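K.L.:
Listed below are the residues making up each chain.
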Amino acid sequence: MNKPIRIALTKGRLEKDTVGLFEKLGFDCSAVREKGRKLILPIPDGNLEVVLAKANDVITYVEHGVCDMGVVGKDTIMEMSGKFYELVDLGFGRCKFALATKKDYDFYSGYGIKTIATKYPNVSRSFFEKKGMDTEIIKIEGSVELAPLLELADGIVDIVETGTTLKENGLEVIEDVAPISARLIANTVSLKMRQAEIEKLIKMIEENLD
Amino acid sequence: MRNYDLITPEGTKDLLFVECTIRRNIEKTLIEMFKSRGYSEIITPGLEFFDVFNLNSQYFPQENLYKMTDSKGRLLVMRPDSTMPIARVVATRLRDADLPLKLCYDQTVYRTEPALKGRSDEIVQAGIELIGSDQKMADLEVISAAVDSLKTFGMEFSLEIGHIGVFKALADKLDATEGEKEKIRKLIENKNFPALNDFLDTFGNNSITGALKKLPALFGGEEVFEKAEELIADDTISVILEELRDIYCEISDICGNSGSITVDLGLVNKTDYYTGLIIKGYLQGQGEEVLSGGRYDKLISEFGYDVPAIGFAVNVNGIEKAIIKNGVFPAEREIDAIVYAEPGFEAAALRSAQVLRKKGLVVETALFNDLESAREYAISRKIAKVVVVDSESKEVTE
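Line order of the protein sequences matches chains A and B. Note that the first sequence ends on residue 215 in our numbering; no numbers are left out. Note that the second sequence ends on residue 433 in our numbering; no numbers are left out.
To be clear, the hints were calculated from the coordinates, so they are not data collected in a lab. Just so we're clear, the structure is a prediction, and the values are computed from it rather than from any experiment. One or more of the hints may lead you astray.
[Claimed, not checked] Here are a few chain A residues that face chain B, going by a calculated C-beta distance under 8 Å:
hint: 1; residue: Asn52
hint: 2; residue: Val56
hint: 3; residue: Gly70
hint: 4; residue: Glu91
hint: 5; residue: Val93
hint: 6; residue: Asp94
hint: 7; residue: Leu155
hint: 8; residue: Leu157
Even for Gly, the Cβ is constructed at its ideal location relative to N, Cα and C.
Please take these sequences and the hints and turn them into a complete structure.
P.N.:
Written as structure tokens, this is what we have:
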């Protein structure tokens, strides 16, 4: 048997959704379900090896080719970019990037340069660059919603799922930036060197997407 | 002020001993192989004017260049690529030379890579450029040199060919702006199927968008040609596919057991100077391509001399990583003898050492004040022989 295909999964919800998908394909994922603290886990009947990592690291490992494939959100891909193939939209993990401000705040008025607080500076920059708008971008690590409330920023660019957090803090979405969902990515060399195995897996996955 | 006197800049490193030997061996193997095929080596300056890399059709993104100014304030860069300087040389000093010209090189290129990504800003590239022939034989010659370059290191490899013409012919038929075509090209290059499908849907559903959607999936073995012919009915593309298939079949024969040739019609490099055939080389277990090249028939004309060309470069650092990963280390040359001089016999000792070296031995001179220390040193370094030069000893003769 060949060396297993190593696939990096973003820990947390995407990991659970992917494992659910693999089980639908008929793979025995008990090792991943009962992982304890282990970070590398086998799915023997799929000849797969699952690596659990943080979203950004999924991209790093795939780019370097130490993992052949990865499951990561479009949000991370947009923020990090990098050299890899983005093969399949897995359809789960759906949410969106949106621009939000305090309720009834007229964001686009006036000549002053707007300040944006965000965890995703690259996404924010390219969004406003396309509009030809100069903005000041401040990177925030925790709850971005605080920044407009504390009057550090005019608006935020952040991931929005239901919008409940925004609403409870008196903020509202004024514009969608981009839709987000989980993507299956592959290292550029792995796809070529292990084409048959990877294509077979992709075909199975595509047939089982909701 | 903080001193950075104990570290090297990010993206650079010192190579010690065995790492250094590995690098030099790779360079030597490649350059000797190129020379054995009749290529002449050239060296271009490490510093060039920025303008060489800022042509109309082809430019390097400013943010990826190491820049400085000369004493007159003109903008210089540390060479980010070897092909463009060689194109400059061909269009100037070699303008009257007989064609075809076969040139090879082995030199470092410098590019700024994103920080903290584990990438190198200094990359050694060894490659060839065949200038002045657009014949099929020129393509075959260069591809077979590429196969030899990969094969020589004894690891499982794959050589991939593609042709930018397939994409260009399809894109030409599409009613899209240059910017939109570039976006499509990028999505195909990244095999970003979801975004490619969505974007092409905005151009309607026809045979052209259908073919473009499938383009990134058209990679693999010979079956790709049949799939492509079924999918795309276009005279220009049929001719290209036939040429590629020819090359594919001829090269399959020379790949041997350790390697394979594959085709990828979705190879649409960002390096826009390629006008036709594109070549990539991969080694099993290496996450990035180790060889890259293609046909660039229009590049040299940007320097005022219209002549076709094809070439490739091997990423020596990539091969180096693969060799280290596979654990096949070359043996460091052992020291055969150490020559110790008693006080007053230094010149005689130096002469003796030289005589031994002429016989093909690796010989050190001892740098100790007493024989005992020299002997201890010899034991710790596993040097088999200590030669003592004093009043008793006759000079070593041939």
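K.L.:
Determine for every hint whether it applies to the structure shown.
P.N.:
For each hint, the structure was consulted:
Checking Asn52(A) against chain B: minimum C-beta separation of about 17 Å lies over 8 Å; hint violated. For Val56(A), the suggested interface contact is broken, since its CB lies about 14 Å from the closest CB of chain B, more than 8 Å. Given hint, Gly70(A) at the interface with chain B, holds; its Cβ is 2 Å from that chain's nearest Cβ, closer than 8 Å. Below 8 Å, beta-carbon pairs count as interface contacts, and Glu91(A) has one with chain B at about 4 Å; its hint therefore holds.
Using the Cβ-Cβ criterion of 8 Å, the hint placing Val93(A) at the interface with chain B is satisfied: the shortest such distance is roughly 7 Å. Taking 8 Å as the C-beta contact cut-off toward chain B, the hint placing Asp94(A) at the interface holds, the least distance being around 4 Å. A least Cβ separation of about 30 Å between Leu155(A) and chain B goes past the 8 Å threshold, and the interface hint is therefore violated. Given hint, Leu157(A) at the interface with chain B, is violated; its Cβ is 27 Å from that chain's nearest Cβ, farther than 8 Å.
Taken one by one, the earlier hints fail for this structure at numbers 1, 2, 7 and 8, listed in ascending order.
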